[in-house]
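Novice: Here is how the chains run, residue by residue.
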Amino acid sequence: MDLAKKFKAPEKFIEVSSYNFLPFRFSRFDSRYLLTNEVGEYLFLSNEQFLAFTRHKLKYSEAIYLDLKCKHFLIDSDSDVSIDLLSLKLRTKYQAIKQFTSLHLFVVSLRCDYSCPYCQVSRISENKTQFDMTEETALLGLDFVFKSPSGAIKIEFQGGESLLNFELIRFIVEEASSRNKVEKRDLVFVIATNLSFIDNDVLHFCSEHNIFISTSLDGPQDLHDKNRPRPDKNGYDLTVNGIRNVQRSLGVDKVSALMTTTESSLSRVRDIIDEYISHGFDSIFLRPLSPYGFAVKTKSIHKYNAQRWLDFYKEGMEYIFELNRNGIPFREEYSSIILKKILTPFNPGYVDLQSPAGVAISAIVFNYDGDVYASDESRMLAEMGDKEFKLGSLNNDSYEEIMTSEKILSLLSETMTEGMPMCTDCVFMNYCGSDPVYHYATQKDIIGHKSRSGFCEKNMGVFKYLLGILGEDASRANTLRGWV
Amino acid sequence: MVVDLNIFSLDVIKKVCYKSSFFSSLDIDPLNEQKVVVSFSFDEEFTEELQKRFFMDFNQDLVDEDLRGKVKEETEVIRNLILANAFSDTTLVDD
Chain G
1 MDLAKKFKAP EKFIEVSSYN FLPFRFSRFD SRYLLTNEVG EYLFLSNEQF
51 LAFTRHKLKY SEAIYLDLKC KHFLIDSDSD VSIDLLSLKL RTKYQAIKQF
101 TSLHLFVVSL RCDYSCPYCQ VSRISENKTQ FDMTEETALL GLDFVFKSPS
151 GAIKIEFQGG ESLLNFELIR FIVEEASSRN KVEKRDLVFV IATNLSFIDN
201 DVLHFCSEHN IFISTSLDGP QDLHDKNRPR PDKNGYDLTV NGIRNVQRSL
251 GVDKVSALMT TTESSLSRVR DIIDEYISHG FDSIFLRPLS PYGFAVKTKS
301 IHKYNAQRWL DFYKEGMEYI FELNRNGIPF REEYSSIILK KILTPFNPGY
351 VDLQSPAGVA ISAIVFNYDG DVYASDESRM LAEMGDKEFK LGSLNNDSYE
401 EIMTSEKILS LLSETMTEGM PMCTDCVFMN YCGSDPVYHY ATQKDIIGHK
451 SRSGFCEKNM GVFKYLLGIL GEDASRANTL RGWV
Chain C
1 MVVDLNIFSL DVIKKVCYKS SFFSSLDIDP LNEQKVVVSF SFDEEFTEEL
51 QKRFFMDFNQ DLVDEDLRGK VKEETEVIRN LILANAFSDT TLVDD
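Here the protein sequences come in this chain order: G and C.
Residue numbers in the first sequence follow my numbering, run continuously in steps of one, and reach 484 at the last position.
Residue numbers in the second sequence follow my numbering, run continuously in steps of one, and reach 95 at the last position.
Note that these hints are calculated values from the structure, not bench results.
Bear in mind the structure is a predicted one, so any value in this text is a computation, not a measurement.
Backbone N, C-alpha and C fix where the C-beta goes; we use that ideal spot for every residue, glycine too.
Mixed in with the good hints, there may be bad ones.
To be verified - Keeping only pairs whose Cα atoms sit at most 25 Å apart, straight-line, the calculated SDA-like set for lysine to any residue is: (1) C:K70 <-> G:G419; (2) C:K70 <-> G:D76; (3) G:K458 <-> C:E45; (4) C:K14 <-> G:K128; (5) G:K93 <-> C:K19; (6) G:K407 <-> G:D445; (7) G:K458 <-> G:P348; (8) C:K70 <-> G:Y19; (9) G:K254 <-> G:P231; (10) G:K387 <-> G:H449; (11) C:K19 <-> G:K387; (12) C:K19 <-> G:L51; (13) C:K19 <-> G:Q307; (14) G:K128 <-> G:Y114; (15) G:K93 <-> C:L81; (16) C:K72 <-> G:H449; (17) C:K19 <-> C:E44; (18) G:K93 <-> G:S79; (19) G:K69 <-> C:K70; (20) G:K57 <-> G:S79; (21) C:K14 <-> G:K57; (22) G:K254 <-> G:S177.
As the list claims (entries may be wrong) - These stretches of chain G come out as covered by chain C in the derived footprint (C-beta under 8 Å, 3 or more residues): (23) 20 to 27; (24) 84 to 95; (25) 382 to 395; (26) 415 to 429.
With the hints as extra help, turn the sequences into a complete structure.
Specialist: Here's what the structure looks like:
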């Protein structure tokens, strides 16, 4: 008897067309449909495939059926393992919330030696020491820090120019390290500085305490000095010499740089990236201006819109692909954060792309005067006179009072994208997040109308760009996968 | 624009209007029990060409939004099961 007679035909083993949907979102995407689900899986379908799928007419024998099944868009009688897998991935995605506040920012001084027109912090001139944090306030801040249940604690020193109050940084680091002998947390320190005042004493201290340095580098000398004017006109020289000194003394991995995009930067993305490469960096964060502080007062924020920034970003990305093709490994940091959300179930913990918003539960800020803010952007807004996001004061309020305050609880419940108009149906929802401070600053509403939101326009543009590449360009998609 | 409530629910119409309100101010008025009228008023710089595109998108959005509602309805039970399974310590699926 031949085999064909011994066995039934394959279709006898399959119940055709008896699938159910698993929860998904969709949107038209060029001439196709993009589908995403609760855990960030994505799939492109042609119009015909989409229609067949949503009308329950898709045949088991079609290749796209298995893709939809593997990526948890449908479930059939063959297996219900998708529910367990989706649950597990969802739980993994929200794991970061259980960790609670990790990043604690100490604004040790508002003083600064620069006069940047785009400054988002509203700095004070160098000699006004009443804008320095005191040791008493710092100790209250550390009491707060170690009440966080997080196993990993990052303390970041911000300004103004933080090194103008280096003695307080020294005090906080030594005190925190001493407390940590009992606490045994994974404790990390970062100094955000323009590097003007970095010297051997500071470097030696950073080396002893394994401190990371974060600085600002806006591009080549002419652009950097234009964006970040210093009275002595030597900002660029001080910055790049500082970067070299840190790399030499502490190691190349101990210093990172951030750029801010101004109108003058828009036509210079290649120069800016080349500048980063010339200083040994293997990545760049193409960061737009935020609508706070001097960026608003000097109208810098109004000089370009989200679309112009997106053009700048895409030109930069194309150049970065070119560099990678030519054997120079280089990546764009914002894309890397988003790719992690697209390609893995893990939450990269980026404060601006979280739901509920990362305010207070991911990062919290202690201002120089002891006021506690929900995020760095919140205190930037406060320096403009609007204390909407002030959560309390280290001088008057306990950890418990602040962290269980109505303000925080309502901020968290109102910033879940799952319940926000337009976000709830947005195909990109799982890659995005809430930024209540941005929307409050631009629309006086913490949720904001998304079709008028620069935050939304910028992020949707980046998601579309990255997913477009992942969906149709194997070579560049491989480069992107290497960034996760 | 007249929209038949037998085809699209008022919820769907409101969602699409909300989304579209950046380009136009909109009013929704009942015509009779079966139909509503959606009126649009555009800024002067919103050209005829843009208006044509707007109405095409508006109609497509009605269809998409209607489907979203159906998918949501069809997946509500399983979505709740996944959420409960993800955030509880029990093995609800096996039970």
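Novice: For K254 of chain G and S177 of chain G, compute the direct alpha-carbon distance and say whether it is at most 25 Å.
Specialist: 19 Å, holds
Novice: Are the Cα atoms of K19 of chain C and L51 of chain G separated by 25 Å or less?
Specialist: 24 Å, holds
Novice: Holds or violated: K254 of chain G and P231 of chain G, Cα atoms, limit 25 Å.
Specialist: Violated, at roughly 28 Å.
Novice: Does K70 of chain C pair with G419 of chain G here, judged by a C-alpha cut-off of 25 Å?
Specialist: 18 Å, holds
Novice: Would you mind confirming whether the straight-line C-alpha gap from K128 of chain G to Y114 of chain G stays at or under 25 Å?
Specialist: Holds: K128 of chain G and Y114 of chain G sit about 14 Å apart, inside 25 Å.
Novice: Mind checking the alpha carbons of K70 of chain C and D76 of chain G for me, to see if they're no more than 25 Å apart?
Specialist: 19 Å, holds
Novice: Check, residue by residue, whether the region 382 to 395 of chain G contains three or more positions whose beta-carbon lies closer than 8 Å to a beta-carbon of chain C, and give the verdict.
Specialist: violated (count 0)
Novice: Measure nothing beyond the straight line between the CA atoms of K19 of chain C and K387 of chain G; if it is 25 Å or shorter, mark the hint as holding.
Specialist: Violated, at roughly 31 Å.
Novice: Regarding the pair K407 of chain G and D445 of chain G, is the alpha-carbon distance no greater than 25 Å?
Specialist: 14 Å, holds
Novice: Hinted pair, alpha-carbon criterion (25 Å max): K72 of chain C, H449 of chain G. Please report holds or violated.
Specialist: 23 Å, holds
Novice: Would the pair K458 of chain G and P348 of chain G pass a check requiring their Cα atoms to be no farther apart than 25 Å?
Specialist: 19 Å, holds
Novice: Given the proposed pairing of K19 of chain C with Q307 of chain G, does the C-alpha separation stay at or below 25 Å?
Specialist: 19 Å, holds
This entry does not satisfy hints 4, 5, 9, 11, 21, 25, going by the numbered hints stated previously.
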